[in-house]
Amino acid sequence: MKALKCRECGREYPLAATHVCEFDFGPLEVVYDYALIKRALSRSAIESRPETMWRYRELLPVADDPTVGVEVGFTPLIKADRLAKALGVRELWVKNDAVNYPTLSFKDRVVSVALSRARELGFKTVACASTGNLANSVAANAASAGLKAYVFIPADLEQGKILNSLVYGAQVVGIRGHYDEVNRLCAEIAGKYGWAFVNVNMRPYYAEGSKSMGFEIVEQLGWQIPQHTVVPMASGSLLTKVHKSYQEIAKLGLADETPWHVHGAQATGCNPISAAQKAGLDFFKPVKPNTIAKSLAIGTPADGFYALKVMKESNAHAEDVTDDEIREGICLLAEHEGIFAETAGGVTTAVAKKLIASGRIPTKDSVVLCITGNGLKTLDAVAGHCGQPREIKPSLREFECMLSADEKAAVSA
Amino acid sequence: MPTKVRIPTPLRKLTNNEELVEVAASTVGDAITELQTRYPGIKERLIDEAGEVRRFVNVYVNEEDIRFLQNQGTPIKDGDEISIIPAIAGG
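Just so you know, the sequences run in chain order A and B.
The opening residue of the first sequence carries number 1 in our numbering; numbering runs sequentially from there.
The opening residue of the second sequence carries number 1 in our numbering; numbering runs sequentially from there.
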């Protein structure tokens with residue numbers, strides 16, 4: 001890490017807890033010394049390290065060894081042959097952050113970086129504005145690090161996501177409003193209190209953690225950058241950071257610079273970025289979210305502008321899907337690969353299906369789906385949509401009656 | 001009762017560290033013009049060369065984003081509160 005730098009005007013700032021340029025409000029980004037990193041980082045050096053996201057430590061913004069979330073990452077990359085066949089594409093992989101440690105979403109990556117850095121800067125209280133997964137991760141990782149946590153969420157979140165923050169002893173504040181309103185309030189609170197808000201004043205560090213998902217994909221593919229990656233978009237940050245991870249991998253010579261496309265997935269009920277991409281615009285119009293994919297329900301996406309730019313640069317597409325398509329996506333992934341993703345995973349799977357069907361992802365190509373969260377946290381979204389268990393008495397005769405009825409139904413069908 | 005404007009941290013050097021300032025204006029655009037006469041230099045930080053609110057600045061009147069209202073033409077009245085907030089946050 002050398003400095004923070006404004007993405008718009010290039011002004012540099014010290015490596016403190018600050019996220020916007022004083023002159024044009026542009027986002028600040030961490031600057032690295034790539035020449036130095038290139039000398040230290042090779043495939044063999046990385047492969048010799050523990051299987052966590054921290055094996056790419058030189059490319060993550062902490063000054064010393066990480067102290068929070070040292071076990072996070074290196075989730076499975078699954079070759080999904082059955083789903084590939086169902087979607088009609090030659091090769092398909094699932095990067096499964098639904099089993100990330102410790103809170104079952106990709107947010108453990110960004111929180112691990114943000115809280116390690118917050119400790120380096122001397123903070124004792126951490127906070128976030130969240131649609132659920134981030135709150136869970138901040139709450140859990142703060143608990144294990146002995147930091148005080150305030151998490152701010154829309155009050156109408158899924159029960160699973162609320163309990164998953166409360167259980168760690170975090171101060172959970174439900175805001176009567178949608179995420180964009182939570183976010184606005186948090187920007188005001190962050191300006192007033194000296195806390196480390198992971199996605200406000202710590203955002204330059206926090207956001208970089210997402211790159212580890214891309215680094216792992218490349219390494220797990222045998223040091224190859226995938227042709228197509230489908231990424232869910234809320235703020236759009238993950239999409240921009242996956243793209244950046246591929247750029248860094250190529251720049252450091254860790255893999256060949258083969259062409260890649262990073263496609264963006266949204267819910268139709270909250271599609272400011274995909275609507276702009278499909279209309280060929282380089283700016284988005286804010287929307288009021290209304291979708292079951294609550295973790296993606298950001299109507300004013302902070303990185304929307306940059307996500308559009310990255311999709312343009314990588315010759316990629318965006319698409320959005322309805323609530324019914326999201327549920328169908330969840331079931332497709334579950335029934336073909338045995339992976340139960342949350343609603344955002346349903347969005348990603350359903351969007352991949354659409355992009356393949358429309359030919360925007362050619363059937364002869366290879367695709368990676370980024371699954372970012374676990375279905376057990378959004379049970380409300382699928383309850384009543386994937387059948388009911390059948391009840392029988394503890395009697396062999398009843399069971400056999402049921403089976404033979406099933407067989408008859410199968411024959412007549 | 002005039003309209004209150006909440007000044008974000010990056011702009012407080014221009015307002016002598018004032019967090020809350022009062023203006024008497026009839027629209028958001030007029031309020032920004034009045035801010036400029038009192039705190040020279042503040043307008044160019046909020047408004048781009050084309051006269052639009054900068055891409056990374058969000059402006060709210062009573063908690064509502066002015067892009068859902070009438071942008072800089074959004075009327076304001078006594079007792080309203082304008083918040084100027086950096087757009088880069090969250091997610």
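The hints are simulated quantities; they were obtained by calculation from the structure and are not laboratory data.
The reader is advised that the hints may include incorrect statements.
Stated by the list, open to error - Pairs of lysine-lysine, DSS-like flavour, derived with a Cα cap of 25 Å:
(1) LYS5/A - LYS13/B
(2) LYS393/A - LYS13/B
(3) LYS43/B - LYS192/A
(4) LYS285/A - LYS43/B
(5) LYS4/B - LYS5/A
(6) LYS13/B - LYS192/A
Keep in mind the model is a prediction, meaning the values are calculated, not measured.
Taking the hints in turn, this is what the structure says about them:
no.	hint	result
1	LYS5/A - LYS13/B	20 Å, holds
2	LYS393/A - LYS13/B	75 Å, violated
3	LYS43/B - LYS192/A	23 Å, holds
4	LYS285/A - LYS43/B	23 Å, holds
5	LYS4/B - LYS5/A	32 Å, violated
6	LYS13/B - LYS192/A	15 Å, holds
Checked against the numbered hints listed earlier, the structure breaks hints 2, 5; every other hint is satisfied.
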